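Place chain G on chain U using the hints.
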Amino acid sequence: MPAVKAIRGIGHRTINAVWRIGMATRFFFLTLMHSGSSFRRFHLIIKELFSTGVMSLIIIVVAGLFVGMVLGLQGYETLKRYGSESALGVMVALGLVRELGPVVAALLFASRAGSAMTAEIGLMKATEQISAMEMMAVHPIARIVAPRFWAGIISMPLLAALFSAVGVFGGYFVGVVQIGVDEGSFWSQMQAAVDFEHDIMNGVIKSFVFGTAVTIIALFEGYDAPPTAEGVSGATTRTVVTSSLVILMLDFILTAMMFGGS
Amino acid sequence: MSQSNLVEIRDLNFTYDKRPVLQGINMVFPKGKLITIMGLSGCGKTTLLRLIGGALEPVKGYVKVNGKIIHELDQDSLYDMRRKMGMLFQFGALFTDMSVYDNVAFQMREHTDLPEELIHDLVLMKLHAVGLRGTHNLMPSELSGGMARRVALARTVALDPMLIMYDEPFAGLDPISLTVVGDLIRRLNDALGATSIIVTHDVQESLKIVDYVYFMSNGVIVAEGTPDEIRASDEDFVHQFVHGEMDGPMPFHYPGGNYRQDLNLQAA
Numbered sequence: 018m019p020a021v022k023a024i025r026g027i028g029h030r031t032i033n034a035v036w037r038i039g040m041a042t043r044f045f046f047l048t049l050m051h052s053g054s055s056f057r058r059f060h061l062i063i064k065e066l067f068s069t070g071v072m073s074l075i076i077i078v079v080a081g082l083f084v085g086m087v088l089g090l091q092g093y094e095t096l097k098r099y100g101s102e103s104a105l106g107v108m109v110a111l112g113l114v115r116e117l118g119p120v121v122a123a124l125l126f127a128s129r130a131g132s133a134m135t136a137e138i139g140l141m142k143a144t145e146q147i148s149a150m151e152m153m154a155v156h157p158i159a160r161i162v163a164p165r166f167w168a169g170i171i172s173m174p175l176l177a178a179l180f181s182a183v184g185v186f187g188g189y190f191v192g193v194v195q196i197g198v199d200e201g202s203f204w205s206q207m208q209a210a211v212d213f214e215h216d217i218m219n220g221v222i223k224s225f226v227f228g229t230a231v232t233i234i235a236l237f238e239g240y241d242a243p244p245t246a247e248g249v250s251g252a253t254t255r256t257v258v259t260s261s262l263v264i265l266m267l268d269f270i271l272t273a274m275m276f277g278g279s
Numbered sequence: 144m145s146q147s148n149l150v151e152i153r154d155l156n157f158t159y160d161k162r163p164v165l166q167g168i169n170m171v172f173p174k175g176k177l178i179t180i181m182g183l184s185g186c187g188k189t190t191l192l193r194l195i196g197g198a199l200e201p202v203k204g205y206v207k208v209n210g211k212i213i214h215e216l217d218q219d220s221l222y223d224m225r226r227k228m229g230m231l232f233q234f235g236a237l238f239t240d241m242s243v244y245d246n247v248a249f250q251m252r253e254h255t256d257l258p259e260e261l262i263h264d265l266v267l268m269k270l271h272a273v274g275l276r277g278t279h280n281l282m283p284s285e286l287s288g289g290m291a292r293r294v295a296l297a298r299t300v301a302l303d304p305m306l307i308m309y310d311e312p313f314a315g316l317d318p319i320s321l322t323v324v325g326d327l328i329r330r331l332n333d334a335l336g337a338t339s340i341i342v343t344h345d346v347q348e349s350l351k352i353v354d355y356v357y358f359m360s361n362g363v364i365v366a367e368g369t370p371d372e373i374r375a376s377d378e379d380f381v382h383q384f385v386h387g388e389m390d391g392p393m394p395f396h397y398p399g400g401n402y403r404q405d406l407n408l409q410a411a
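Protein chains in written order, with the numbering used here: chain U, 18 to 279; chain G, 144 to 411.
Chain U extracted, bound-state conformation (with noise of 0.2 Å):
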């Protein structure tokens, strides 16, 4: 029967994604659990820092310019309809501190740095790195898990705040040097309209939230792929899909809050 075996076939899934979130869960809450380690081990952080956070650096330095150079070219070409050219510097700043900052920020942080840690952590499983370290009383949360969660955690909003500065600058860079809006306008406006703790804080916990969930997605993936090529290669791509719909779903969720009734 078709019918039946269609269910079956929708039960299953479902019985196999409540699993997966329950041993999600399950494993954010060890690795805060060994976390305590990690930061007595501080070296292991900074070395994990540098991995996610400083080889992400060109990405987002790249990205957040383009952004930026598009969002001033764009925000131009309406406000010059309703004559309000000088409101410029807002449109580029709060459109990047509240939200394409930490949303885009948070994708290219997926795709580079959670893909990255996703197939090195399956990598060592596939190679019995990870047994080997359990073998010699080395917890793998503690040792492997902990300093990359905590990393991400750390990297995620600096980068997030580095992508809205640099599009900042690139909105500058078309609107006042290309396009000849005025440049006191675009600042001055731009700094009257700003508030640090509604805009400028809510975009820092936007990018904390995103960087918490990318990153405990990358490593549960890595942790819990099978231990062959095929198998890293699929939480690889599961990292990155699951991290982009988890994103823009919490920024949904959060946006709703911060600023649906303002």
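Think of the hints as simulated: they come from the structure by calculation, not from any bench.
Hints may contain errors.
[Claimed, not checked] Cβ-to-Cβ under 7 Å is the rule here; a few derived chain G residues that face chain U:
#1 R225
#2 R226
#3 M230
#4 F232
#5 F238
#6 Q250
#7 E253
#8 A375
Given the structure is predicted, the values throughout are model-derived calculations rather than measurements.
C-beta: ideal position from N, C-alpha, C; glycine also.
Only chain G this time, still in chain U's reference frame:
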């Protein structure tokens, strides 16, 4: 448990997805001895090592190491026990993001408060023992398979374990590396006063160095004895395995359907 046995296995049963892998295994590993477990691939040898190391839990029976039943230990006690064990994985399992030096120093840094100067000397001594002191600055990707196995061996014995387990230490080695690794395993066992368990299907090399042999097939022990007894054995299983014969109780082919039917050939 006898005081002279470091590891004792009694009526051990283990299943993977309801498929029996080990059935009623009884073994003893006396202190200071080098003992090998032989059998065809898939007969349950590596599973047995994992049960001894506490990575798996038996469905029945127990593994006792140094007087303690492994699967009854909580995580802290199990980790305490593992600090006294060393395990050499089939392909070394060196940490690829660390140099040879850092790989060997790993356990010393994790489990001891030794000063870095002392760790430096100990690491070089361990690497010297396996003949690879000159490689301490290299990364694992710069080593050959045999060298990686020897570095892994140095890492395995970094904290002078009481029990050393080797999972297929001879697999894929050239004849010279094979002799070197075999000789090293024997010398390290004697020098450290440890007990060693080698899981392998390399008959000739292991019979040269071990004190006792267990033969496994389909999850049960089918023969055991000293190397001389094994060489002289007239049991079909042992004879076929030791002499690498095609015909015998161990089939070469995995069970399948009718060959002619699979090839769609008509009866003549």
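Structure-based check of each hint:
1. R225: Holds: closest Cβ of chain U sits about 4 Å from G/R225, inside 7 Å.
2. R226: holds (5 Å)
3. M230: holds (4 Å)
4. F232: holds (5 Å)
5. F238: Result: holds, 6 Å to nearest chain U Cβ.
6. Q250: It holds, given that the least Cβ distance between G/Q250 and chain U is near 5 Å, below 7 Å.
7. E253: holds (5 Å)
8. A375: This hint is violated: G/A375 lies away from chain U, its Cβ roughly 36 Å from the closest one there, beyond 7 Å.
Comparing the model with each earlier hint shows a violation of hint 8 alone; every other hint is respected.
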